[in-house]
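Chemist: Each chain, letter by letter, is given below.
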Amino acid sequence: MPRIYRAVGCVLLLAAAVACDGPDNTPKAPAPAPDAKKVDAGTAATLRGKVVLEGTPPANAVLKMASDPACSAAHTGDVLAETFVVNNGALQNVFVYIRDGLGNKHLYDAATEIVKLDQKGCRYTPHVVGLRVAQPLEVSNSDSTLHNVHALPDTNREFNTAQPIQGFKNTVTFTAPEVMIPFKCDVHNWMSAYVGVLDHPYFAVTGGGGTFELRTIPPGTYTIEAWHEKLGRQEQSVTLGEKDSKDITFTFKVQ
Amino acid sequence: VTWLHRYAKFVVACTVLLITAGGMVTSTDSGLSVPDWPTTYGWNMFTFPFSKWVGGIRYEHSHRLIASAVGFLTIVLAIWTWRVEPRRWVRRLGFLALGAVIVQGILGGITVLLLLPPAVSIGHAGLAQLFFCLTVTIAAVTAPGWRYAVHPVEDATLRKVAVVTTALIYTQILIGATMRHNDAGLAIPDFPLAFGHVIPPAWNAKVAIHFAHRVGALVVTVLILATAGHVFYHHRRRQELTRPAFFLVMLLSMQVTLGAFVVWSTMDPVINTAHVVNGALVLGTSLLLTLRSFRSGFERLVQPIHQFTASPDRQIPRGVRT
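Top line first, the protein sequences correspond to chains A and B. Just so we're aligned: the first sequence equals residues 22 to 276 in this note's numbering. Just so we're aligned: the second sequence equals residues 14 to 335 in this note's numbering.
Errors might be hidden in some of the hints.
Restricting the straight-line Cα-Cα distance to at most 20 Å, the calculated cross-link-like pairs of lysine-lysine (PhoX-like) are [stated by the list, open to error]:
{"no.": "1", "chain 1": "A", "residue 1": "Lys205", "chain 2": "B", "residue 2": "Lys65"}
{"no.": "2", "chain 1": "A", "residue 1": "Lys137", "chain 2": "A", "residue 2": "Lys190"}
{"no.": "3", "chain 1": "A", "residue 1": "Lys58", "chain 2": "A", "residue 2": "Lys126"}
{"no.": "4", "chain 1": "A", "residue 1": "Lys126", "chain 2": "A", "residue 2": "Lys264"}
{"no.": "5", "chain 1": "A", "residue 1": "Lys141", "chain 2": "B", "residue 2": "Lys22"}
{"no.": "6", "chain 1": "A", "residue 1": "Lys137", "chain 2": "A", "residue 2": "Lys58"}
{"no.": "7", "chain 1": "B", "residue 1": "Lys22", "chain 2": "A", "residue 2": "Lys85"}
{"no.": "8", "chain 1": "A", "residue 1": "Lys85", "chain 2": "A", "residue 2": "Lys137"}
{"no.": "9", "chain 1": "A", "residue 1": "Lys251", "chain 2": "A", "residue 2": "Lys71"}
Quick caveat, the hints were computed from the structure, so don't treat them as lab data.
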C-alpha cells in the first residue's frame, strides 16, 4: 500500500478515535456526609441584603442586531446590553450565594422545579439565573430565527445545541457546582447569559431593587459572595444564630 | 498541459478564497454558529435556505460551501492530472492534494463537533496551508515555463536559504494559528512595544505565544530579505526568480503592517483575516521561489518534447515564459 494511503488512513483513524466519546468523567457534586440531616426550619435563619453601586456606571453597549432581520424587527429603538442595570444605586443581575461554611452536613430537598432560560428578541431572559446541581434548566427559543445555545463551563461539560425553529426547547442539567457558567449564541454574538450552579439552595439574583433574600439557613458562620459579570466578586463573612435575621450590603464601586 | 496549468491556478485562487472564508469564521468567532456537521441545523448543507444565513452563520456556512466547491475542484484536478500529465510524481501530487482536502474537511467537522479544541483547530489551519502549498506546487510544475526550461538555475545557496525561509514562514503561520485559536491575539495589547517594554515584563502562556509570533515575524523578515537580496544580487536577469522575490518583499511589508493593525484595531475581523490570507500568500510566493530554485533537479523527470529540441534557439515555444 502506498505510504500516502497509510498516512491518510492513520489520520482518519485518529480523528475517529478523538471524535468518539470516552467514559463519563464530568465532575460530580460532593456527596453529603453519612450523618447529614435536613435543616431544621424551626431554628433556621434568614439573610437579607442589598447590592449597591457607587459611582457612575459605564454606559451599556448598544446591541447591533442588523445581522439578523428577525432580531432587529423584534425591537423598536436602541437595545442596550444588560451589563449594568442600576436603579438609584441598586445593582441588578448580581448573583449572591453562600460560598463557604455549609460543609456536607446538611441534606436538602431535591430541586425538581424547572428553571427557564428563554431566547426572546435575540436576548437571553433572564440575563442571570441560578439553579441547583441536577435541577433541570429548560432553554427555549421564542424567536422566529435560529439560535445555538452554547454553554462555556469550566468544570461542567460544555455543550452547543442548535435551536433552529421557534418554540424549540432543550432541557439540560449540570453535575457540579460552578459560579458562573457563561452562555452565548454564536449566531448572534451579542447574546449572553450567566448561570450559577450550586449544590445547596442558598442563592439569589438581585432584582430591580438590588435586593436579595436567603431563607432557611442553618445557624453557622458563612462566607457570602456577590458576583457581577463586570465588577467581579465580593465576599463577606456572616455569623447567623438560631432564628436570626440579618441584613448585609455589598457595595461595588466604579471610577 | 496549458489548460491544466490554467485550471490549477484557478484552484489556487479558489483556495485563497477558502482561506479567506475560514479566516473570517475564526476572526468573527463564528466557528460554532452552526453546531452540527455535516448537516446545517438539520438541513442538508446544500439546501440550507439563504434566508437563514444570519449572524455568524453567514461566515461558517459559506466557509463550508466554498470548502465543498474546492473539494470538487480538487477531485477534477486530481483526475485531470492523472489523465493528461506524463510525470508520475505530478499525478501523485494531484491525489495527495485530494487526500489533503478530504482530511481537511473531516478536521473541520471534528473541530465543530468537539467544540473547537485548539489542537484540532490549529491542525485544521495548518493543513489548510499545506493544501494551499500543494495547489501552488501543482500550478507551478504544470506551467509551460517549468517544463520547457532551457537553463534552470543552479545555486545551492539560494536553495538552502529559500527552503529555510519557506519552512520558517510555515512555522510562523502555525504559531499564528496557535495564537488565534487560544485567544492570544491581544495577549500583548500594544505594538511595537510589549506592555511598554521591548520584552514583556509579565509572562503567561498566551503572552508567550503572542511574543513568539512577534519574534517569528522578525526572523522571517530577515530571511525573506536575505532570500530576495540574494536573488536580486546573483540572478537579477532571471525573471522567474526576481518576480516572486519582489512580490515576497511587497507581501512581507504588507503582512507586518497588517499585523500591527490587528493589534491597533483590537482585532478587527477584516484586518485580522487579511493578515491570515496575506500570510498564506507570503508562504505560497516563497514556495514558488523555492520550487523554481530547485527546477534543475527535476530536469531528468521531464518528458522530452521532441518538436522543441531541433535547435537550442527553438527549444522554447513562442509566448512561453521561462
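Chemist: Next step is simple, just say for each hint if it's right about the structure.
Modeler: Cross-check of the supplied hints:
1. A:Lys205 <-> B:Lys65: 19 Å, holds
2. A:Lys137 <-> A:Lys190: 10 Å, holds
3. A:Lys58 <-> A:Lys126: OK: Lys58 of chain A and Lys126 of chain A at ~6 Å, within 20 Å.
4. A:Lys126 <-> A:Lys264: Satisfied, since the Cα-Cα distance of roughly 19 Å is no more than 20 Å.
5. A:Lys141 <-> B:Lys22: 48 Å, violated
6. A:Lys137 <-> A:Lys58: It is violated: about 30 Å lies between the C-alpha atoms, which goes past 20 Å.
7. B:Lys22 <-> A:Lys85: 40 Å, violated
8. A:Lys85 <-> A:Lys137: Violated: Lys85 of chain A and Lys137 of chain A sit about 25 Å apart, past 20 Å.
9. A:Lys251 <-> A:Lys71: Between Lys251 of chain A and Lys71 of chain A the Cα gap is close to 18 Å, so the pair holds against 20 Å.
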